[in-house]
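Protein chains in written order, with the numbering used here: chain A, 12 to 82; chain C, 46 to 255.
It should be emphasised that the hints constitute simulated quantities derived from the structure, not laboratory data.
Careful, some of the hints might be misleading.
Covered stretches of chain A (in silico footprint by chain C; criterion: 3 or more residues with CB under 8 Å from a CB of chain C, positions within the stretch not fixed) [to be verified]:
hint, region
1, 28-42
2, 55-65
3, 68-78
Cβ atoms here follow ideal geometry from the backbone N, Cα and C, with glycine treated the same way.
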Amino acid sequence: MPMSPTLRNLPIERRLRLAAILICLGLLALLLTLIRIHPLAFMAFILVGCPLVAAGIGIFLYSIVSHVAEG
Amino acid sequence: MLSPAALEIVFIGTALALAALIGFRVELTQARGGRILAFVALFIVPVLAMGLGFSEHMQRAESTRFCLSCHVMDDFGQSLYVDDPSYIPAKHFQNNLVPREHACYTCHTDYTMFGTLHSKFRGLRHLYVQYLGTPPAPAEIKLYTPFNNRECLHCHSGMRAYLEQPKHNKAPEMMAKINSNQMSCMNSKCHDTVHDVVTLKDATFWKAGQ
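The shape of chain A in the complex, shown without the other chains (with noise of 0.2 Å):
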C-alpha cells in the first residue's frame, strides 16, 4: 500500500513518534479488552487493538526502511 505524501516526508523522529503513539493506543486497547470476558471484547481487541498496533508497527517498519533507502 503506497504511504500518503504527508508521512513521507516527515521526518523519521516524527514518523517513530507517530508510530510509538499508535501502538501505545493499540496495546492499551488490548489490555482493556482483557477486563471482561465478553465476546464484545474479543471484537475491540479485533476491530480496534489489533489494527491500532498494527498501524504502528507498519509506520515503524516503513520509517525505517524508507530511512535506509534516503540514507
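Dock chain C against the given chain A, drawing on the hints supplied.
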C-alpha cells in the same frame, strides 16, 4: 504465583511502557542502543503482545462464563442446574462429566481436525446474529446443524456403560447406526431432553451448585 492472564496483562503493560518511552524520548534512537530498543519496543514486543492477546481471547471464548455473558443465553445457563437427571446438559454439568468452566464448549465444539476453528467461526456467526441481526427468543434458539453423535462419542465411545447399555443393543445394527450418526442420540426419543428452556419455569433447581 501469577495466572497466565495476569502475566499477559503484565507483558502488555510492559510493552506499553516501552512504546511510550520511545514515543516520549524519540531522541534515544539516535544512538545504536536506542535503535535496537526501538526495534524491540515498536516491533517485536507489540507482535508478541498481539499474539498473546489473541491466544488469551481464544481461550476465554471457550469458557462457560463467556458463552453465558449474552443475556439471551441466561436460560441455557440456568438449565445446567435443573434438578432432574433426564436433562442431559444438567446431568453432565452437575456430575463433572464435563469441566464446568468449559461446559458449553465441551459439548458444542466439533471433534474434528479443524473443529476448534469451525467452532470459533460459529461463534462469530452468533455475534453477527446477536448484534447485527435479530436474535431469536431463548425458546426459539436452535443449532445451525443437527447435533452430531460424534461429539457425544468423543467421550462415550468405548465406555463400558455405553457399550453394555441394553437400550443401545435393542437391535443388532443399532450400535453401528449410533456410531455412524445414522441414529441420533438426541432425536431418537432416547436422550431428547436437552436444555428445554421452555419447561424451566416448572423445573426445580440444584441450589447447592449455584
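Do the hints match the structure? See the list:
no. : hint  : in the structure
1   : 28-42 : holds (count 11)
2   : 55-65 : holds (count 5)
3   : 68-78 : holds (count 4)
Comparing the model with each earlier hint shows no violations; every hint is respected.
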